[in-house]
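Number of protein chains: 2
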Amino acid sequence: MSVPVVILVEPQLAENIGMTARAMANFGLSELRLVAPRNGWPKKGMREAASGATHVLDAAKVYATLPEAVADLNVLFATTARERGQMKRVLLPDVAMAEANVRIANSDKVGVMFGRERIGLLNDEVSLADAIVTFPVSEEFPSLNLAQAVLLVGYEWRRAAGLAQAPFTGEIRAQQATREALLSLFETLEATLARAGFYPPEKRESIARNMRDRLHRMSLTEQDVRTFRGALKALERGARRRPDGAA
Amino acid sequence: MSVPVVILVEPQLAENIGMTARAMANFGLSELRLVAPRNGWPKKGMREAASGATHVLDAAKVYATLPEAVADLNVLFATTARERGQMKRVLLPDVAMAEANVRIANSDKVGVMFGRERIGLLNDEVSLADAIVTFPVSEEFPSLNLAQAVLLVGYEWRRAAGLAQAPFTGEIRAQQATREALLSLFETLEATLARAGFYPPEKRESIARNMRDRLHRMSLTEQDVRTFRGALKALERGARRRPDGAA
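Going down the list, the sequences are from chains A and B.
Position one of the first sequence corresponds to residue 1 (UniProt numbering), numbered consecutively onward.
Position one of the second sequence corresponds to residue 1 (UniProt numbering), numbered consecutively onward.
Calculated directly from the structure, the hints in this document are not laboratory data.
None of the values given here were measured: they were computed from a predicted structure.
A few of these clues could be false.
A pair holds if it fits inside one copy or across any two, identical chains being indistinguishable in the list.
Derived SDA-like pairs (lysine to any residue); straight-line CA-CA distance at most 20 Å [said to hold, decoys possible]:
| # | residue 1 | residue 2 |
| --- | --- | --- |
| 1 | K88 | Q223 |
| 2 | K203 | L128 |
| 3 | K44 | R214 |
| 4 | K88 | Q165 |
| 5 | K203 | L163 |
| 6 | K44 | A131 |
| 7 | K88 | S127 |
| 8 | K88 | Q175 |
| 9 | K233 | H55 |
| 10 | K88 | T221 |
| 11 | K88 | A174 |
| 12 | K203 | A59 |
| 13 | K88 | E222 |
| 14 | K203 | E187 |
| 15 | K233 | E140 |
| 16 | K233 | V62 |
| 17 | K203 | T188 |
| 18 | K203 | Q165 |
| 19 | K233 | S107 |
| 20 | K88 | F168 |
| 21 | K88 | A131 |
| 22 | K203 | A131 |
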């Protein structure tokens, strides 16, 4: 399955490129294009920063100009933090990636451009895009670094593509107890508490109802119900052995 | 408005703590708690890595133990990357932060725990939580760094809390042209093209319909419609001056 292409325009720092590769790999992106990297290519320190995602760097393509880098793309997004005075649609990452997902399902090749560390993308570069993607950051601290911007786009891509699964679940694996087993437990619990003189007069019903609500949240299994019953029995037996109620 | 508390358990690297503070500030989180930071506190290099978000560091509270750090919280999430063999609910960040949003609206104090750089959280620490939060990363590259995990949680918090606004919009500010103006333009365009002999026989209707669909997508304003009309007129006049059709 095709995934969006990440295009870095005149990136400068080895660490940023490496961390971009890693952020891409974290969320299943693999195609990286670099336009006129500044201060040399390849860059020392890039592979270390990529932390195992060096396959993304190895497959990365370098272009002299942006038009060359995006020539084959059918759909192009431009990430910017600032207003550009252009009448382009401005989308948050989730909406943009939902759109990217639809386009990719239609066999379009989609790219997302990220700009220079300090000045971002130039207006002429933004104007090559179908739409702008911007991040819903706090106005007081709006500045994301390059790899973080790529990370958020990759994360939203994975969600939009329906690939966002928890890598594991922790849910109870046995079946939940049947309603019959639960009701029977509730009745046993309430009778036991009543015999122990627990309920204040006229409050039994509301206290019991609240307890039942909380117990429902426990998603008790049949085994849990048996454990609970056993604990109630033991407590009641223990109390009978000490008729004065002392522990 | 209350926001989730970020709890770092035994964080080690100054850069990670600083970048965590910055990631928090990016998405409007402000309350940072550190449990037994390793290798000294405060840490050199932390403030530089926080890149302007030093207010988060200045307000951060340090605790000797985790139970002390989370004592006042009503709801607690634990971020983990690996299965823990615990019967705890496992939630993706969007679901977890949607739940956090509901709880905070109910005046609960919510916290999210992040573990040590290398080994994450211990099982006993996870077990203090109501639920686990895990990230929908690729199984091939599952490892996020601390600040990136905090960034994703902060991002999803902001979305869940309804605060995710694009900081600017690029939409056309004038009203879109009325249907009447558009239909009139379409008719003019089609008549002009017909006079120019553009349409192959029997294909006029389908070509015209497709063009109208594409033009609808342009969200033309009244001014745009006038501009378009002007261009059509100029083209037709230009063609008339050269009756042989040559440019």
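Tested hints:
1. Only between protomers do K88 and Q223 lie at most 20 Å apart by alpha-carbon distance; the minimum there is 17 Å, versus 59 Å within a single protomer.
2. In the homo-oligomer, the alpha carbons of K203 and L128 never lie at most 20 Å apart, since the shortest distance is 70 Å inside one protomer and 32 Å across protomers.
3. For a Cα distance limit of 20 Å, the shortest separation of K44 from R214 qualifies neither inside one copy, at 58 Å, nor across copies, at 47 Å.
4. For a Cα distance limit of 20 Å, the shortest separation of K88 from Q165 across copies, 16 Å, qualifies, whereas the shortest one inside one copy, 33 Å, does not.
5. In this homomeric assembly, K203 and L163 never come within 20 Å of each other (Cα to Cα): the closest approach is 50 Å inside a single copy and 43 Å across copies.
6. Proximity of K44 and A131 under a CA criterion of 20 Å is satisfied in neither setting, with 34 Å inside one chain copy and 42 Å between copies.
7. Taking CA atoms no more than 20 Å apart as the test, K88 paired with S127 passes inside one copy only; the shortest distance there is 8 Å, against 48 Å between copies.
8. For the homomeric pair K88 and Q175, the shortest alpha-carbon distance between copies (15 Å) is at most 20 Å, but the shortest distance inside one copy (52 Å) is not.
9. Taking CA atoms no more than 20 Å apart as the test, K233 paired with H55 passes in neither setting, with 61 Å inside one copy and 55 Å between copies.
10. Taking identical chains as interchangeable, the C-alpha atoms of K88 and T221 lie at most 20 Å apart only when they sit on different chains, with a minimum of 14 Å there against 55 Å within one chain.
11. Proximity of K88 and A174 under a CA criterion of 20 Å is satisfied inter-copy only: 14 Å between copies versus 53 Å inside one chain copy.
12. Taking the shortest alpha-carbon separations for K203 and A59, neither the intra-copy value of 70 Å nor the inter-copy value of 46 Å comes in at or below 20 Å.
13. Taking the closest pair of Cα atoms, K88 and E222 come within 20 Å of each other only across two copies (17 Å); inside a single copy the shortest separation is 58 Å, beyond that limit.
14. Taking the shortest Cα distances, K203 and E187 sit within 20 Å of each other inside one copy (16 Å), while across copies they are farther apart (77 Å).
15. Taking identical chains as interchangeable, the C-alpha atoms of K233 and E140 are never at most 20 Å apart, the minima being 59 Å within one chain and 50 Å between chains.
16. For a Cα distance limit of 20 Å, the shortest separation of K233 from V62 qualifies neither inside one copy, at 73 Å, nor across copies, at 45 Å.
17. With identical chains, the CA atoms of K203 and T188 are at most 20 Å apart within one copy only, with a shortest distance of 18 Å there and 80 Å across copies.
18. Taking the shortest alpha-carbon separations for K203 and Q165, neither the intra-copy value of 45 Å nor the inter-copy value of 48 Å comes in at or below 20 Å.
19. In this assembly of identical chains, K233 and S107 lie within 20 Å of each other by CA distance neither inside one copy nor across copies; the values are 65 Å within and 38 Å between.
20. Taking the shortest alpha-carbon separations for K88 and F168, only the inter-copy value of 11 Å comes in at or below 20 Å, while the best intra-copy value is 40 Å.
21. Taking the shortest Cα distances, K88 and A131 sit within 20 Å of each other inside one copy (6 Å), while across copies they are farther apart (41 Å).
22. Proximity of K203 to A131 under the C-alpha cut-off of 20 Å is found in neither arrangement, the shortest distances being 62 Å within a copy and 32 Å between copies.
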